[in-house]
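Colleague: My request is simple: use the sequences and hints to build the entire structure.
Residue numbers (the numbering used here), protein chains in the order written: chain H, 1 to 297; chain V, 1 to 189.
Please note that a few of the clues may not be correct.
Claimed, not checked - One-sided and incomplete, this derived list gives chain H residues near chain V with beta-carbon spacing under 8 Å:
1. Met14
2. Asp42
3. Leu45
4. Gln46
5. Ala52
6. Phe53
7. Val59
8. Ala60
9. Leu61
10. Arg68
11. Glu80
FYI, nobody ran anything at the bench for these hints, they're computed from the structure. Note that the Cβ used here is the ideal one computed from N, Cα and C, for glycine as well.
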Amino acid sequence: MSHHDHDLDLDLIMALAEGSLSASEAAAAQRQIERCPDCVEDLELQQTALAAFAATPPVALTDLEAARLKRDLDTALGHERTAMAPTPAKKRGFNWLPVFSVAAVLLALVLVIPSLDLVSGDRDDDAGADAVALDFAEEEADTGASTEPTENPLRIQFATDDAASDGGGDAAGDTAEAPAAAPTTAAAAADEALPVSPEATELIDELDARLAPSDSIDDARLEASLFGLTTSDQADLDRCVPEGAEFFNVPGGDSYTLGDIDLDVGPVRVTAHPQRSDLGLAAHLDESCEIIATNAG
Amino acid sequence: MSDRAQDLALIERYVAGDIDAFDELVRRHRDRVFAVCLRMLRDRDAALDAMQDTFVTLFRKADRFKAEAAFTTWLYRVTMNVCYDHLRRSQRRRTEPMPERFDPADAAAEDGFAAADVRPDIEAALQDVGAEFRAAVVLVDLQGLSLEMASDALGVPVGTVKSRVFRGRRQLAQRLGNLRHPPQHQREE
Numbered sequence: 001m002s003h004h005d006h007d008l009d010l011d012l013i014m015a016l017a018e019g020s021l022s023a024s025e026a027a028a029a030q031r032q033i034e035r036c037p038d039c040v041e042d043l044e045l046q047q048t049a050l051a052a053f054a055a056t057p058p059v060a061l062t063d064l065e066a067a068r069l070k071r072d073l074d075t076a077l078g079h080e081r082t083a084m085a086p087t088p089a090k091k092r093g094f095n096w097l098p099v100f101s102v103a104a105v106l107l108a109l110v111l112v113i114p115s116l117d118l119v120s121g122d123r124d125d126d127a128g129a130d131a132v133a134l135d136f137a138e139e140e141a142d143t144g145a146s147t148e149p150t151e152n153p154l155r156i157q158f159a160t161d162d163a164a165s166d167g168g169g170d171a172a173g174d175t176a177e178a179p180a181a182a183p184t185t186a187a188a189a190a191d192e193a194l195p196v197s198p199e200a201t202e203l204i205d206e207l208d209a210r211l212a213p214s215d216s217i218d219d220a221r222l223e224a225s226l227f228g229l230t231t232s233d234q235a236d237l238d239r240c241v242p243e244g245a246e247f248f249n250v251p252g253g254d255s256y257t258l259g260d261i262d263l264d265v266g267p268v269r270v271t272a273h274p275q276r277s278d279l280g281l282a283a284h285l286d287e288s289c290e291i292i293a294t295n296a297g
Numbered sequence: 001m002s003d004r005a006q007d008l009a010l011i012e013r014y015v016a017g018d019i020d021a022f023d024e025l026v027r028r029h030r031d032r033v034f035a036v037c038l039r040m041l042r043d044r045d046a047a048l049d050a051m052q053d054t055f056v057t058l059f060r061k062a063d064r065f066k067a068e069a070a071f072t073t074w075l076y077r078v079t080m081n082v083c084y085d086h087l088r089r090s091q092r093r094r095t096e097p098m099p100e101r102f103d104p105a106d107a108a109a110e111d112g113f114a115a116a117d118v119r120p121d122i123e124a125a126l127q128d129v130g131a132e133f134r135a136a137v138v139l140v141d142l143q144g145l146s147l148e149m150a151s152d153a154l155g156v157p158v159g160t161v162k163s164r165v166f167r168g169r170r171q172l173a174q175r176l177g178n179l180r181h182p183p184q185h186q187r188e189e
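Modeller: Below, the structure is given as structure tokens:
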């Protein structure tokens with residue numbers, strides 16, 4: 001058998017190596033192949049490879065890796081899954097504390113403030129929590145009695161559950177800077193509803209200290225990498241997020257209970273969402289700061 | 001109900017909006033997807049990333065699945081495309097050419113570090129098999145697909161799959177031989 005024949009006898013060599021021929025066919029094939037040194041070598045190589053495959057143990061995910069897959073998929077598909085999920089008949093685990101807190105504040109305002117004659121009589125006592133918070137802010141502006149003015153350029157804030165559910169919005173500077181001396185505002189009530197763990201406080205402080213205002217996504221990425229954030233799969237994101245957008249997430253499965261963090265780092269916005277066992281950050285280049293990726297479950 | 005029928009029922013439920021069906025599909029197929037990714041990419045972290053990308057693609061493009069094909073075949077095709085994508089990106093990061101043909105381990109090779117880093121096992125040897133041949137071998141010899149299914153998964157004719165399997169086995173066996181019997185100058189190091 002010539003070398004040319006050898007190339008043509010690929011089927012025969014494979015069949016012989018795989019043992020898929022009958023005894024008589026195999027004997028005939030063996031005699032034919034033995035006339036071609038290259039064929040003999042190829043048969044041995046095929047048999048060696050097949051023996052190695054047969055001895056290869058199966059591959060399986062560890063429990064830890066399976067958990068990582070679930071977590072990563074939740075992170076990557078969070079908002080899409082939420083959009084697909086049917087609306088539950090009853091919101092599970094709804095925390096009524098903020099509602100009762102706000103109701104109590106309103107009641108106190110109705111009963112106490114008129115007697116102190118601090119506001120005009122045409123005030124709308126049915127105004128919502130945000131209006132209450134703004135009233136406090138206005139009072140501060142009028143009296144100059146602001147307590148602990150916020151000068152954080154990153155504008156870290158805690159928002160209400162509503163703000164979290166619609167992606168956080170651009171609420172920085174609205175309710176966030178309500179004075180600490182007014183703990184009965186809606187924002188403060190939300191703080192109570194979302195107790196911040198020591199770990200989370202450290203994380204916020206770390207973000208505050210290390211995420212400096214950035215002029216470009218590269219700067220933001222650098223800042224994020226300094227903090228230990230990693231860029232998730234870019235090719236996938238390229239398919240589903242607007243051009244110029246970037247996404248960062250925090251590796252590892254540390255558990256945090258946070259209020260919303262809303263950071264402006266130059267034209268890049270970084271938004272973190274609570275309510276999950278991991279912390280996700282979405283960064284955007286566009287000035288509109290539209291939320292493109294959230295972990296809000 | 002056969003596995004194929006169960007897959008079909010799950011994909012139909014998912015496309016109709018049942019998110020639980022997607023989770024079930026992931027549970028059913030994650031091991032085989034991971035096995036392919038690991039054998040194509042070797043590194044477990046990279047394989048996990050590729051597996052995630054595969055299921056994200058499934059999540060977003062499940063409606064493109066045509067019921068006349070087996071779901072596993074379609075999923076293998078998605079998986080292979082993701083793996084090729086990761087290999088290309090890895091190649092760009094390393095700024096060195098991917099091995100397109102077998103280069104036996106040799107201490108005289110320019111990349112002595114890489115030669116010293118390999119381990120004499122099949123996983124290591126697989127990485128020295130050209131990506132296209134490796135894909136064929138992984139699907140046919142390690143995942144147990146028929147040549148026809150591998151043909152569908154790889155998007156090439158059956159004859160091409162057969163040729164790639166043949167050559168992939170040959171490269172792998174040669175590599176295994178080299179790893180088990182390194183050249184004399186390599187053993188002396």
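Colleague: Look at each hint and say if it fits the structure.
Modeller: For each hint, the structure was consulted:
no., hint, in the structure
1, Met14, "6 Å, holds"
2, Asp42, "6 Å, holds"
3, Leu45, "4 Å, holds"
4, Gln46, "5 Å, holds"
5, Ala52, "5 Å, holds"
6, Phe53, "5 Å, holds"
7, Val59, "4 Å, holds"
8, Ala60, "5 Å, holds"
9, Leu61, "5 Å, holds"
10, Arg68, "6 Å, holds"
11, Glu80, "7 Å, holds"
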